[in-house]
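**Student:** Listed here are the chains, written in short residue letters.
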Amino acid sequence: MNRSLVILIGALALGAAIFAGSFFCARHTTMSCCEQPADDLNWLRLEFHLSDAEMAHIRELHEGYLPQCGELCQKIAAAKQELAALTNNSPEALTKQNEIAALRAQCQSNMLAHFIAVSQAMPPEVGQRYLTEMKKLTLGDTGQMEQSMSGDSAHEHQH
Amino acid sequence: MNAPDQNLTALLRANRPAPELPPRFRQNVWRRIEDVAAPATETWLDALAALVLRPRFALALAAGLLLAGMLAGTLDGRHLARHDAQLNYLAAVAPHAVR
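Residue numbers (this note's numbering), protein chains in the order written: chain A, 1 to 159; chain B, 1001 to 1099.
It is worth saying that the hints were derived from the structure and are not from the lab.
For glycine and all other residues, C-beta sits at the position ideal for the given N, C-alpha and C.
Check the hints yourself; a few may be wrong.
Claimed, not checked - Footprint (simulated), chain B over chain A, 3 or more residues, beta carbon under 8 Å:
id, region
1, 5 to 15
2, 21 to 27
3, 42 to 51
4, 60 to 66
Please put together the full structure from these sequences, using the hints given.
**Tutor:** In structure tokens:
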């Protein structure tokens, strides 16, 4: 093989190793530096650069909201288990489905109310950004699905 | 004693086999001589290899790659950390049962 080609391939491999090594080291260091897995609110601190006072207020709201959310989630999980035990298309199953839907709606409503309360605890522009982001993240998927099912593909549902 | 030896030598010389040369032997010999004598032509690959082997250039290149890797790694790490933190927050406030 040509000597120059061997030198260039060796240099390329060495360069790639240097780049990859420094890339992974820096990524690992940054991730371990920024991460605080125990704190649910770490994202708000990283993303919205909130002051300590704002964070304290939001933490209070967050801790007040979690028990309500947990209670409703337990009810939903229990209703889902009961629904699984029932026969499909029976009146009891339909009632249970409606119950789950009502619980989910209540849970979602609480969640949105919490997002609004949190956004109001932030500076106005940041709060608006937070609210938009949270709506997109939590309601975005279902909204997209509903839009796709009610739009062009609606004519395909003729059963 | 020398006379028979001389005869023998003359006889051997006369009978020395002269093998046939391959075709264009003389031209090929001259061509190879010219190839060796002419200066080697340098390709872009050789020029690049020579550049890479220069210590200053190699050091600068290694430092550049190191810095670029660190910068890219830091940016990627921050992005990943934010993404993980976002997932943690979402899991706390918006369980999958609701979404």
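**Student:** Confirm or reject each hint.
**Tutor:** Hint check results:
no.	hint	result
1	5 to 15	holds (count 6)
2	21 to 27	holds (count 7)
3	42 to 51	holds (count 5)
4	60 to 66	holds (count 3)
Violation of the numbered hints given earlier is absent; every hint is satisfied by the structure.
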